[in-house]
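Fit chain A to the given chain Y structure using the hints.
From first to last, the protein sequence lines are chains Y and A. Quick note: the first sequence, position 77, residue 79 per the numbering used here, numbers continuous. Quick note: the second sequence, position 312, residue 314 per the numbering used here, numbers continuous.
Keep in mind that the hints were calculated from the coordinates and are not lab data. Treat each hint with caution, since some may be false.
[Unchecked claim] Computed list of lysine to any residue pairs in SDA-like fashion (alpha-carbon distance at most 25 Å, straight line):
#1 Y:Lys278 to Y:Ala268
#2 A:Lys64 to Y:Gln122
#3 Y:Lys267 to A:Ala23
#4 Y:Lys364 to Y:Asn395
#5 Y:Lys12 to A:Asn7
#6 A:Lys64 to Y:Lys151
#7 Y:Lys278 to A:Phe149
#8 Y:Lys338 to Y:Lys364
#9 A:Lys88 to A:Ser53
#10 A:Lys64 to Y:Tyr320
#11 A:Lys278 to Y:Asn9
#12 Y:Lys12 to Y:Tyr91
#13 Y:Lys64 to A:Asn312
#14 Y:Lys37 to Y:Lys406
#15 Y:Lys12 to A:Lys267
#16 A:Lys37 to Y:Lys406
#17 Y:Lys151 to A:Asp69
#18 Y:Lys225 to Y:Phe340
#19 Y:Lys37 to A:Met3
#20 Y:Lys201 to Y:Glu275
#21 Y:Lys12 to A:Lys37
#22 Y:Lys151 to A:Lys37
[Unchecked claim] Partner residues are not named here, just some residues of chain A that face chain Y (Cβ under 8 Å, in silico):
#23 Asn45
#24 Gly121
#25 Asn319
#26 Asn323
[To be verified] If you want the footprint, here are the derived chain Y segments under chain A, 3+ residues with CB under 8 Å:
#27 110-116
#28 255-261
Cβ atoms here follow ideal geometry from the backbone N, Cα and C, with glycine treated the same way.
Protein chains: 2
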Amino acid sequence: MARINENYYKLAAGYLFPEIARRTRVFLEKNPGIKIMRLGIGNTTEPLTPSVINGLHTGVEKLASVDMYTGYGDEQGDTRLREALKSQYADLDVNLDVSEIFVSDGAKPDSGNIQSIFGQDNIIAVQDPAYPVYVDTNVIAGRTGNFNKAKGLYDGIVYMPCTEDNGFFSPVPDQKVDIIYLCSPNNPTGTVATIEQLKTFVDYARQNKAVIIFDAAYSAFIKDNHLPKSIFQIEGAEECALEINSFSKIAGFTGVRLGWTIVPKALVVENTESGKINALWNRRQCTFFNGASNIVQEGGLAALSDEGVNECQGLINYYMNNAQIIKYGLMEIGIKVFGGDNAPYIWMKTPDNMSSWEFFDKLLTETHVVGTPGSGFGPSGEGYFRLSSFGHNEDILSAVNSIKQNLDI
Amino acid sequence: MARINENYYKLAAGYLFPEIARRTRVFLEKNPGIKIMRLGIGNTTEPLTPSVINGLHTGVEKLASVDMYTGYGDEQGDTRLREALKSQYADLDVNLDVSEIFVSDGAKPDSGNIQSIFGQDNIIAVQDPAYPVYVDTNVIAGRTGNFNKAKGLYDGIVYMPCTEDNGFFSPVPDQKVDIIYLCSPNNPTGTVATIEQLKTFVDYARQNKAVIIFDAAYSAFIKDNHLPKSIFQIEGAEECALEINSFSKIAGFTGVRLGWTIVPKALVVENTESGKINALWNRRQCTFFNGASNIVQEGGLAALSDEGVNECQGLINYYMNNAQIIKYGLMEIGIKVFGGDNAPYIWMKTPDNMSSWEFFDKLLTETHVVGTPGSGFGPSGEGYFRLSSFGHNEDILSAVNSIKQNLDI
Numbered sequence: 003m004a005r006i007n008e009n010y011y012k013l014a015a016g017y018l019f020p021e022i023a024r025r026t027r028v029f030l031e032k033n034p035g036i037k038i039m040r041l042g043i044g045n046t047t048e049p050l051t052p053s054v055i056n057g058l059h060t061g062v063e064k065l066a067s068v069d070m071y072t073g074y075g076d077e078q079g080d081t082r083l084r085e086a087l088k089s090q091y092a093d094l095d096v097n098l099d100v101s102e103i104f105v106s107d108g109a110k111p112d113s114g115n116i117q118s119i120f121g122q123d124n125i126i127a128v129q130d131p132a133y134p135v136y137v138d139t140n141v142i143a144g145r146t147g148n149f150n151k152a153k154g155l156y157d158g159i160v161y162m163p164c165t166e167d168n169g170f171f172s173p174v175p176d177q178k179v180d181i182i183y184l185c186s187p188n189n190p191t192g193t194v195a196t197i198e199q200l201k202t203f204v205d206y207a208r209q210n211k212a213v214i215i216f217d218a219a220y221s222a223f224i225k226d227n228h229l230p231k232s233i234f235q236i237e238g239a240e241e242c243a244l245e246i247n248s249f250s251k252i253a254g255f256t257g258v259r260l261g262w263t264i265v266p267k268a269l270v271v272e273n274t275e276s277g278k279i280n281a282l283w284n285r286r287q288c289t290f291f292n293g294a295s296n297i298v299q300e301g302g303l304a305a306l307s308d309e310g311v312n313e314c315q316g317l318i319n320y321y322m323n324n325a326q327i328i329k330y331g332l333m334e335i336g337i338k339v340f341g342g343d344n345a346p347y348i349w350m351k352t353p354d355n356m357s358s359w360e361f362f363d364k365l366l367t368e369t370h371v372v373g374t375p376g377s378g379f380g381p382s383g384e385g386y387f388r389l390s391s392f393g394h395n396e397d398i399l400s401a402v403n404s405i406k407q408n409l410d411i
Numbered sequence: 003m004a005r006i007n008e009n010y011y012k013l014a015a016g017y018l019f020p021e022i023a024r025r026t027r028v029f030l031e032k033n034p035g036i037k038i039m040r041l042g043i044g045n046t047t048e049p050l051t052p053s054v055i056n057g058l059h060t061g062v063e064k065l066a067s068v069d070m071y072t073g074y075g076d077e078q079g080d081t082r083l084r085e086a087l088k089s090q091y092a093d094l095d096v097n098l099d100v101s102e103i104f105v106s107d108g109a110k111p112d113s114g115n116i117q118s119i120f121g122q123d124n125i126i127a128v129q130d131p132a133y134p135v136y137v138d139t140n141v142i143a144g145r146t147g148n149f150n151k152a153k154g155l156y157d158g159i160v161y162m163p164c165t166e167d168n169g170f171f172s173p174v175p176d177q178k179v180d181i182i183y184l185c186s187p188n189n190p191t192g193t194v195a196t197i198e199q200l201k202t203f204v205d206y207a208r209q210n211k212a213v214i215i216f217d218a219a220y221s222a223f224i225k226d227n228h229l230p231k232s233i234f235q236i237e238g239a240e241e242c243a244l245e246i247n248s249f250s251k252i253a254g255f256t257g258v259r260l261g262w263t264i265v266p267k268a269l270v271v272e273n274t275e276s277g278k279i280n281a282l283w284n285r286r287q288c289t290f291f292n293g294a295s296n297i298v299q300e301g302g303l304a305a306l307s308d309e310g311v312n313e314c315q316g317l318i319n320y321y322m323n324n325a326q327i328i329k330y331g332l333m334e335i336g337i338k339v340f341g342g343d344n345a346p347y348i349w350m351k352t353p354d355n356m357s358s359w360e361f362f363d364k365l366l367t368e369t370h371v372v373g374t375p376g377s378g379f380g381p382s383g384e385g386y387f388r389l390s391s392f393g394h395n396e397d398i399l400s401a402v403n404s405i406k407q408n409l410d411i
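So that you can see chain Y by itself, here it is in the shape it has in the complex (with noise of 0.2 Å):
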């Protein structure tokens, strides 16, 4: 008789976008008609650039070619697009080998299956809130206990809360825990941590030799140049670290879906030799992908060329300027705000210390504007509310428009 993965009985409900989408489904159905202006997911919406398409449409006329023609390509990746990868490292003064890049499909694949290379006895570390695939999947392998409904979070996950009063960043753990997900620039929060908050979380791996799973996905939008990119920009990070990243926001590849994962030779653990954890990553890839579609691979390389890079940071820039409507415009009506300046995120109080879905629903109701509720990124996310820049602008200034006209606050 074969069995369900139990574990899946733990997960809280259901995964915190579909719940977006159905609830904003069921606010259409019962007012046809009405606009909904999308602030929810991190979507991006503007169209790829130039030299991006063209780099696509050479990815798919070489399929047309009989000698240019590729099947299976490797698994790590297309060799050229990892060298650009190493090189655009190479520029904050990160020294890579190319065999310690991956390239993948995305980052939430990554940041999901990248658990599974670790034993199912690891401790987990969350910032709290967080991105919920970390949690997820580590709940669906069977490293929590139940989801303890009265506090909010799962037994046996230590959550790091980012608060007002640390600026959204925890600091580290009072006890010992084995790996530990850091998320900068912060989805939710908006938040960048600065290489001296990011230093006392390599200290701590380093002596508790706990691994870090760095999740750089919004590390493009870093205006700052104070403010580290990679994790690898911090001392001794390559001994204890590894780093997940994405095309989805650079270079607006949300749905052509391109990512890498940065897994360093010198990252070590208990009872492994130098070189073992990029191993098992390689074994993992090897096992269970079979590479990023090579045409996507093509436009990814296009994206780093000089070119590429100059296009994209145009688009860098317009979601940028739509985070600054948000962020003013909300400051315009008195509402508490976080995030935006290095970041596509805005994280808003909500006022009256309303919950998060209770304010999801007034806001749809109100304005017909969707966001994200904070408490979906964990339960220090109570009472917050994360509003997106990726949006058309016309859409971006018509939203903040409708919440300054219409909410009732």
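Leaving out everything else, chain A in the frame of chain Y:
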């Protein structure tokens, strides 16, 4: 102190195909300039067809347009593509709901990941020989004991020997198992299960409440209309089976990456209500996966158009012609061969009872042809060798001629 997933230590050796690549590389380093003829990996070599190329270009062009740009799509796939797949199944008299069809980035990820929705204590049965991903992913997930070197198999897995005596399709297990991997047309043996043969497994699975994971990635190569292309052509299979398939071999998408999995709502296991397994796979995909590339899905849609299907049939015919050349070429020199009629693989008995890897080295050294050692697919593959018909026709002819002229048997 972080600890690794120690199940990785149980893995017998490198994944089969990287090991083939490594031996080939070593040979080339010692013998520079020699032209290798690759009949090893089942890797497509012929250009994509015109309507598929058009579809892919359309996919790219949409992303250049502010009106047609799309970001994150549904994790389950584009509804148009799911509808087209549904209609393809309808032609086989298999009626599906679109919610039972999950589009993915390929059959390998799906056949690797599918085990994760089932509990750790399920007993796994595999055909022997079989595609290594079924076994390796269950080893990594911890469902097996150690690799037993003497027997060439993992403790705790039920191997179902597929031998010349049973026509390379084993009878049902004589013990209770929970999850059964079946592949037809079979990789590596090239044999196709009949309706009656599959029915024995469907009956077994329904009696024992087991689940069949049916890999139909090569179904497009079936010419004989009496042979089933989908397990759902067997009565009652929807209660006990799910099915994985791919555009890799149908449309030449090995590098493009597109596949799908059917999880019927009617599929139930112990203590689950109707729809539960479907919901579990949906939750898995929503948590770990972010949808197949929107560009690639446009290509898949074009491949399923009337024109696309006709053109892709030309690709299938091309490779099947190759299969016949290999098959009859080997027969001419007295080698015993199987498969190759309704599948792109030729399964040959090694001459003089050589081991599979011995024959790999002999074939490479004497004829410069790379094939796949049967023992890499399981202990019953020992003494057999797989040749793939994926290759340019002229290369297949050269390879077969080289074998006929240079193989010293």
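*Which numbered hints are broken by the structure, listed smallest first?*
Numbers 2, 6, 12, 16, 17, 19, 21, 22, 25, 26, in rising order.
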